[in-house]
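Chains as they are written, first to last, in the numbering used here: chain A, 2 to 349; chain B, 2 to 349.
Be a bit skeptical, because a hint or two may be false.
The list treats identical chains as interchangeable, and a pair is accepted whether it falls inside one copy or across any two copies.
DMTMM-like cross-link-like pairs, simulated, lysine to aspartate or glutamate; straight-line CA separation at most 25 angstroms [to be verified]: (1) K216 - E82; (2) K141 - D279; (3) K148 - D50; (4) K141 - D12; (5) K150 - D18; (6) K189 - E95; (7) K43 - E275; (8) K243 - E144; (9) K148 - E185; (10) K43 - D279; (11) K43 - E229; (12) K273 - E329; (13) K121 - D213; (14) K148 - D12; (15) K273 - E338; (16) K43 - D139; (17) K141 - E338; (18) K216 - D326; (19) K342 - D12.
Read the hints as simulated data drawn from the structure, not as lab findings.
Number of protein chains: 2
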Amino acid sequence: MEDNAKPSGTDVPTLADVAVAAGVSTATVSRCLNSPDRVTQKTLKIVMDAVDRLGYSPNYSARALAAGRTNTIGAIIPTMENAIFARGIQAFQEELQQNGCTLLVASSSYRQDLEEEQIKTLTVRGADALLLIGYQRDPKVYEFLAKRKIPAVLTWVSDPDSDHLSVGFNNRQAMKSLAELVLENGHKVIGCITAETSANDRARDRVSGIRDAMKEAGLDPSELLVEETQYSIENGDVAFRKLMAARPRPTAVMCGNDVLAVGALRAASALKLEIPGDVSITGFDDIELASVAPVPLTTVHVPHRRMGQFAAQALMAALNGNAPDNIELPTSICFRETLGKAPAPNKR
Amino acid sequence: MEDNAKPSGTDVPTLADVAVAAGVSTATVSRCLNSPDRVTQKTLKIVMDAVDRLGYSPNYSARALAAGRTNTIGAIIPTMENAIFARGIQAFQEELQQNGCTLLVASSSYRQDLEEEQIKTLTVRGADALLLIGYQRDPKVYEFLAKRKIPAVLTWVSDPDSDHLSVGFNNRQAMKSLAELVLENGHKVIGCITAETSANDRARDRVSGIRDAMKEAGLDPSELLVEETQYSIENGDVAFRKLMAARPRPTAVMCGNDVLAVGALRAASALKLEIPGDVSITGFDDIELASVAPVPLTTVHVPHRRMGQFAAQALMAALNGNAPDNIELPTSICFRETLGKAPAPNKR
DNA sequence: AGCCAAAATGTAAGCGCTTACATTTTATAT
DNA sequence: ATATAAAATGTAAGCGCTTACATTTTGGCT
Numbered sequence: 002m003e004d005n006a007k008p009s010g011t012d013v014p015t016l017a018d019v020a021v022a023a024g025v026s027t028a029t030v031s032r033c034l035n036s037p038d039r040v041t042q043k044t045l046k047i048v049m050d051a052v053d054r055l056g057y058s059p060n061y062s063a064r065a066l067a068a069g070r071t072n073t074i075g076a077i078i079p080t081m082e083n084a085i086f087a088r089g090i091q092a093f094q095e096e097l098q099q100n101g102c103t104l105l106v107a108s109s110s111y112r113q114d115l116e117e118e119q120i121k122t123l124t125v126r127g128a129d130a131l132l133l134i135g136y137q138r139d140p141k142v143y144e145f146l147a148k149r150k151i152p153a154v155l156t157w158v159s160d161p162d163s164d165h166l167s168v169g170f171n172n173r174q175a176m177k178s179l180a181e182l183v184l185e186n187g188h189k190v191i192g193c194i195t196a197e198t199s200a201n202d203r204a205r206d207r208v209s210g211i212r213d214a215m216k217e218a219g220l221d222p223s224e225l226l227v228e229e230t231q232y233s234i235e236n237g238d239v240a241f242r243k244l245m246a247a248r249p250r251p252t253a254v255m256c257g258n259d260v261l262a263v264g265a266l267r268a269a270s271a272l273k274l275e276i277p278g279d280v281s282i283t284g285f286d287d288i289e290l291a292s293v294a295p296v297p298l299t300t301v302h303v304p305h306r307r308m309g310q311f312a313a314q315a316l317m318a319a320l321n322g323n324a325p326d327n328i329e330l331p332t333s334i335c336f337r338e339t340l341g342k343a344p345a346p347n348k349r
Numbered sequence: 002m003e004d005n006a007k008p009s010g011t012d013v014p015t016l017a018d019v020a021v022a023a024g025v026s027t028a029t030v031s032r033c034l035n036s037p038d039r040v041t042q043k044t045l046k047i048v049m050d051a052v053d054r055l056g057y058s059p060n061y062s063a064r065a066l067a068a069g070r071t072n073t074i075g076a077i078i079p080t081m082e083n084a085i086f087a088r089g090i091q092a093f094q095e096e097l098q099q100n101g102c103t104l105l106v107a108s109s110s111y112r113q114d115l116e117e118e119q120i121k122t123l124t125v126r127g128a129d130a131l132l133l134i135g136y137q138r139d140p141k142v143y144e145f146l147a148k149r150k151i152p153a154v155l156t157w158v159s160d161p162d163s164d165h166l167s168v169g170f171n172n173r174q175a176m177k178s179l180a181e182l183v184l185e186n187g188h189k190v191i192g193c194i195t196a197e198t199s200a201n202d203r204a205r206d207r208v209s210g211i212r213d214a215m216k217e218a219g220l221d222p223s224e225l226l227v228e229e230t231q232y233s234i235e236n237g238d239v240a241f242r243k244l245m246a247a248r249p250r251p252t253a254v255m256c257g258n259d260v261l262a263v264g265a266l267r268a269a270s271a272l273k274l275e276i277p278g279d280v281s282i283t284g285f286d287d288i289e290l291a292s293v294a295p296v297p298l299t300t301v302h303v304p305h306r307r308m309g310q311f312a313a314q315a316l317m318a319a320l321n322g323n324a325p326d327n328i329e330l331p332t333s334i335c336f337r338e339t340l341g342k343a344p345a346p347n348k349r
């Protein structure tokens with residue numbers, strides 16, 4: 002029993018199989034799939050019927066090899082374990098999908114060396130473009146990307162001066178606005194709990210924002226009490242206790258994100274401190290967590306979903322040869338209940 | 002000015018370039034890269050030097066096309082916006098990376114139709130294997146995967162009866178254990194807040210677990226008050242209020258996950274109900290959030306990270322032609338402060 | 001009907017890699 | 001030294017697709 006015909010066993014049909022089935026050339030099938038307007042209605046139908054009948058779907062490796070594009074976008078985020086990134090990336094992904102692209106995610110654990118490695122990995126894997134968080138990295142990385150002609154969009158930051166494409170927000174300004182509000186409430190001794198500023202430009206900018214506001218208010222920015230730690234509730238708790246042990250004791254503690262702030266809130270509760278009666282606390286990000294806190298958190302709202310969406314759009318534009326503009330999204334302050342007037346000195 | 006030599010412009014070196022540079026054939030270079038032990042130490046060195054010198058890195062599309070493998074694993078999760086999945090997937094990814102594989106993540110928004118679509122997409126994109134959440138899906142999906150010879154591991158569930166590979170835990174048993182604890186505390190009227198059970202087998206199993214325990218304790222399982230909703234703090238809040246309006250009013254509310262439980266806790270606080278004095282509340286998952294709750298949450302601890310890790314190992318094994326065993330990871334109960342004795346009838 | 005540009009389709013050459021098979025080199029035993 | 005098996009390397013044929021270029025078909029004119 003000869004079986005010289007295509008071994009219709011279990012294996013996946015190829016473009017050539019479709020071409021045979023439809024009685025056209027492979028080029029025509031390819032065109033039907035990729036630019037349907039370059040073929041007749043009639044052939045399109047014949048080919049598409051064959052496609053359906055055989056259950057054909059293109060082999061992306063082959064397509065990528067032949068076309069020189071993978072339609073895959075890479076994203077490198079500090080961690081997946083944080084709702085903030087998750088939400089923005091989710092929106093990014095949804096937008097990409099609309100454009101026929103797939104997302105490849107890697108995480109760097111907030112480590113610059115790992116991030117560089119991941120950038121290499123993703124480009125080698127064929128990412129056509131990249132989403133990166135923050136702007137701080139070795140210039141060589143940008144050179145590498147430029148040389149390979151791989152567009153990258155920087156997010157979670159806004160960097161209008163630079164010519165790197167960015168879609169994000171102004172961390173410094175956002176935090177400054179919040180700090181102004183704190184100062185207006187009469188606070189003079191301010192504490193701050195932040196992520197490690199050496200490897201995290203967003204964190205650094207936020208701290209700078211506080212200092213900016215202090216300076217403008219006539220306070221000495223060097224008197225800002227800073228606790229650096231990694232983002233976690235537990236660490237926020239510990240850092241808050243340290244700040245409360247300082248003399249003079251801060252009457253307001255501004256946290257680098259909501260997670261730290263929730264930790265601070267927990268510590269405050271354990272220390273029997275009234276919020277905001279005894280101490281005011283602020284956050285950053287406005288995640289859902291903020292609303293469960295024993296006292297609703299005053300924080301900075303960041304439009305994560307829109308950021309992800311716009312970032313995707315910018316990248317698609319860059320991939321199509323356009324030069325998209327940088328986008329700086331506005332943030333806003335969520336004034337809730339953890340920020341209040343500084344306690345009168347005697348009350349302390 | 003002729004430039005017949007390789008246009009050493011900006012473009013990326015290929016395997017052939019390396020072969021020329023090293024004075025060997027492309028096959029040898031390929032072997033150096035993929036099975037170094039099939040090559041002399043000497044040639045290996047020569048070739049690797051050339052690789053370094055040229056900054057060569059392989060083109061994955063070409064490799065995938067030629068080898069028929071992409072070294073890419075797909076994962077489809079209900080949502081990225083939930084720390085639970087994030088953590089398990091993160092561990093999964095780390096383990097994959099150790100094995101030279103890349104993760105492709107897609108999300109299904111808890112919708113079965115979207116999940117099927119994503120499965121198609123990912124396999125078409127060349128995923129060599131898949132991580133899926135839960136076991137409930139159209140049998141055709143499994144047939145499709147089997148036909149394409151794509152190994153899949155089911156996680157977040159344990160399904161020893163079935164012959165589908167799974168690495169997870171027993172939702173029903175875990176919730177039953179917790180329910181037993183609730184019953185031992187004298188609760189007779191139980192409420193339950195769960196994700197929609199029609200499309201979520203984990204949620205369904207958990208509810209069944211509660212009923213199992215009720216039955217064994219001589220209670221009528223049909224009296225379990227069930228509120229179905231989507232996972233979110235807000236929804237947990239709303240559902241809890243509904244349950245509190247029921248008569249007889251539940252003295253214990255078991256939630257399908259910690260997020261719902263935190264919402265319930267918030268509502269309880271707003272309703273001026275003492276926890277656990279007036280009502281007991283339980284969660285599931287043991288996420289960090291549980292520890293910030295105004296009252297530390299009694300919940301089920303799930304070893305997410307280990308689950309992710311083992312799932313990756315199982316998949317790698319399957320890819321190497323082995324038949325890995327199903328793994329059922331033990332869960333444990335975190336007894337904290339939201340579960341207490343049922344209030345005496347007069348106290349209500 | 002006959003001409004011609006435009007539209008549709010076909011032909012075939014790769015894209016960069018892996019791998020079966022052929023050939024050469026090396027090591028081992030006589 | 002010589003024969004022989006084993007190890008190392010080379011040769012070249014694809015993997016399934018896209019796309020420049022060549023060829024054929026179509027349809028609007030005169």
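Verification of the hints:
1. K216 - E82: Answer is neither; intra-copy 35 angstroms and inter-copy 38 angstroms both fail.
2. K141 - D279: Cα proximity of K141 and D279: none, with 49 angstroms in one copy and 62 angstroms across.
3. K148 - D50: between (43 angstroms within a copy, 22 angstroms between copies)
4. K141 - D12: Between. Shortest inter-copy distance 17 angstroms satisfies the 25 angstroms Cα cut-off; intra-copy 45 angstroms does not.
5. K150 - D18: between (35 angstroms within a copy, 20 angstroms between copies)
6. K189 - E95: neither (45 angstroms within a copy, 45 angstroms between copies)
7. K43 - E275: neither (76 angstroms within a copy, 72 angstroms between copies)
8. K243 - E144: neither (42 angstroms within a copy, 59 angstroms between copies)
9. K148 - E185: neither (49 angstroms within a copy, 67 angstroms between copies)
10. K43 - D279: neither (77 angstroms within a copy, 72 angstroms between copies)
11. K43 - E229: So K43 and E229 fail the 25 angstroms test inside a copy (67 angstroms) and across (50 angstroms) alike.
12. K273 - E329: neither (41 angstroms within a copy, 43 angstroms between copies)
13. K121 - D213: neither (37 angstroms within a copy, 52 angstroms between copies)
14. K148 - D12: Intra 39 angstroms, inter 8 angstroms, cutoff 25 angstroms: inter-copy only.
15. K273 - E338: both (17 angstroms within a copy, 19 angstroms between copies)
16. K43 - D139: Answer is neither: 55 angstroms inside a copy and 35 angstroms across each miss the 25 angstroms cutoff.
17. K141 - E338: neither (45 angstroms within a copy, 53 angstroms between copies)
18. K216 - D326: So K216 and D326 fail the 25 angstroms test inside a copy (32 angstroms) and across (63 angstroms) alike.
19. K342 - D12: Neither way: K342 and D12 sit 72 angstroms apart in one copy and 61 angstroms across, limit 25 angstroms.
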